[in-house]
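Participant: One-letter residues, chain by chain:
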Amino acid sequence: MRFYQSRYLTQGLAKILIWVASLFSIAVMILILIQILSEGIPVISLNFLLDHPRSMGREGGIFSTIIGTAALTGLAIIFATPLGVGTAIFLREYTRESRVSRIIRFGTDCLAGIPSIIFGLFGFIFFVIYLNLGWSILSGGLTLASMILPTIICTAEEAIKAIPYSYREVSYSLGGTKWQTITRTILPNALPGIFTGVILSVGRSIGETAAVILTAGSSLVMPTSIFSPIRTMAVHFYILAREGVSMEMAYGTGAVLIIMVLLVNTIANLLLNRYIRQRT
Amino acid sequence: MSESVKISIKDFSFYYEEQPALLHINMEIPSNKIFSIFGPARSGKTTLLKSLNRLTDLIFGVRHTGTILLDGRDIYDEKHSVTQLRRRVGMVFDLPTPLPISIFDNIAYGPRLNGITQKKRLNEIVEKALRSAVLWEEVKDRLHTSALRLSGGQQQRLCIARVLALEPEVLLLDEPCSGLDPISTANIEETLLQLKKDYTIVLVPHNIQQASRVADRTAFLLNGELIEEGPTYEIFTRPKDKRTEDYVTGRFG
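Going down the list, the sequences are from chains A and B.
Take the first sequence: its letter number 35 is residue 1522 in this note's numbering, and every next letter is one higher.
Take the second sequence: its letter number 99 is residue 369 in this note's numbering, and every next letter is one higher.
Hints listed in this document are in silico derivations from the structure and should not be mistaken for laboratory results.
One or more of the hints may lead you astray.
One side of the interface only, derived from the structure: several residues of chain B facing chain A at Cβ under 10 Å [to be verified]:
1) 330
2) 332
3) 369
4) 404
In silico lysine to aspartate or glutamate, EDC-like type, Cα no more than 20 Å apart, as pairs [to be verified]:
5) B:390 / B:364
6) A:1665 / B:327
7) B:510 / B:495
8) A:1665 / B:411
9) A:1665 / B:375
This one's a predicted model, so the numbers in the text were calculated from it and none came from an experiment.
Each residue gets a CB set at the ideal place from its N, CA and C atoms; glycine is no exception.
Excised from the complex, chain A in its bound form:
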């Protein structure tokens, strides 16, 4: 009798703990959102979005930082996606589990755990100084690309791994070459998983601060090419808040940042669901 009672007690306690854990996580998230958005949304206006910053960001808008964020993130994704997906294809389709594949996987796992400021330092030394690219969109984009590469490799590899062996067998049995099998069966079926990794990486790139300050600079001037230095929204927020320029503008920038990340995620999810529905 006692045994049964203790079992039910454990069960009840576990349930309460799990509920508390998830409620707590959600509460933290909601508090952050409410804090930033309630302070920030009143600041947002069309002028705020489309004006250039004036007097160090104390007045005017944040247009150049929106452009900077988009350019840097876009460039990072353009560099990292083909490299990451290519590596994942290599690991799953061109090599078996071997010493080489284990070394690559170990390397990417380590890379994923390195703090972003270290990537910033690497980017500063290698891209900015050694390759003489200066503080620029290009240096920053390349640095961010190396930072998100492990995420893209890992998610793409998982997505490719999940494809049934029978799909490959069918494609080969119909006279497909390896390359045809990869482009016509493996990649289309891995696309939702690859996409998820890319979206995660977009989120990380948009929010990255430390690595960006060191490689793309913090110039408020509107960029003219990928060799121009820029300031992203995250960096702008950091500088406004840290140097006490204007808390009001900082919250406005933060709110725009959060809304942008939410928008990207929502749109990506919609697209993804449509793609999956079409295929089933």
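Following the hints, complete the assembly by docking chain B onto the known chain A.
Facilitator: Then chain B, alone, in the frame of chain A:
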């Protein structure tokens, strides 16, 4: 002419790592007949079938000795392309394996690999293949819906149609009715009997009854060895080997 040999298997042995799966198989498969290969589980039927179009190449750590001739030419000859071989020797697997794309795209997959992109030509190929596999009437109004929404029996006939779209010479069928109900099975057997006019068919039957219903010649495999081979009727009524008789009469297996 109808008795001409399509495939000859010469002293063919096959190993997974060092585990033998087939041992010294010698066999001749005639054109335009249904040739069935039966035997208990793990007797090497699927390995033999997959060796005929070299799908075994995809598995790591396998090796073979002896050879297989298709129309008198060695299929393992370095000079022949594997993809070309697989177009000539099509395979249908034991479970329906539609790709998660539309019915049309499934059938057009093979022809497109071959570089056929003209819409009109593809339409013709798809219709012809679906008619040959006796599926056209059921799906002609929903060619562009996902193949995953078909029933099991329809999916398996789709897989047959997908192979037929390549106009192969040989069809390999590995227990094509294993997951299907008796009516779908009858449909597929009917289809096979119609197809043997134009194709050489090698079938691993789902059970002994199926072999006796459709096969012209039959081979019995046991533990990777060919026990005996001959006209189906004789194998089932007057087997020469004791082991065949025991298996056919249900004394083991």
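Participant: Classify the hint on residue 330 of chain B as holds or violated, based on whether any CB of chain A lies nearer than 10 Å to its CB.
Facilitator: holds, 6 Å
Participant: Can the restraint linking residue 510 of chain B and residue 495 of chain B be considered satisfied, given a maximum Cα separation of 20 Å?
Facilitator: Distance of about 15 Å is within 20 Å: holds.
Participant: Is the Cα-Cα distance between residue 1665 of chain A and residue 375 of chain B 20 Å or less?
Facilitator: Satisfied, since the Cα-Cα distance of roughly 19 Å is no more than 20 Å.
Participant: Run the distance test for residue 1665 of chain A versus residue 411 of chain B: straight-line Cα separation, threshold 20 Å.
Facilitator: violated, 33 Å
Participant: Tell me if the straight-line CA distance from residue 1665 of chain A to residue 327 of chain B falls inside 20 Å.
Facilitator: Answer holds: residue 1665 of chain A to residue 327 of chain B is near 12 Å, not above 20 Å.
Participant: For the restraint on residue 369 of chain B, tell me whether the closest CB of chain A is nearer than 10 Å.
Facilitator: With Cβ-Cβ at 6 Å, under 10 Å, it holds.
Participant: Minimum Cβ distance from residue 332 of chain B to chain A below 10 Å?
Facilitator: The hint is violated - residue 332 of chain B has no Cβ within 10 Å of chain A, the shortest such distance being about 13 Å.
Participant: Mind checking the alpha carbons of residue 390 of chain B and residue 364 of chain B for me, to see if they're no more than 20 Å apart?
Facilitator: Violated, because 32 Å separates the two Cα atoms, which is more than 20 Å.
Participant: Does residue 404 of chain B meet its interface restraint, that is, does its C-beta lie within less than 10 Å of any C-beta in chain A?
Facilitator: violated, 20 Å
In this structure, the earlier hints numbered 2, 4, 5, 8 are contradicted, and the remaining ones agree with it.
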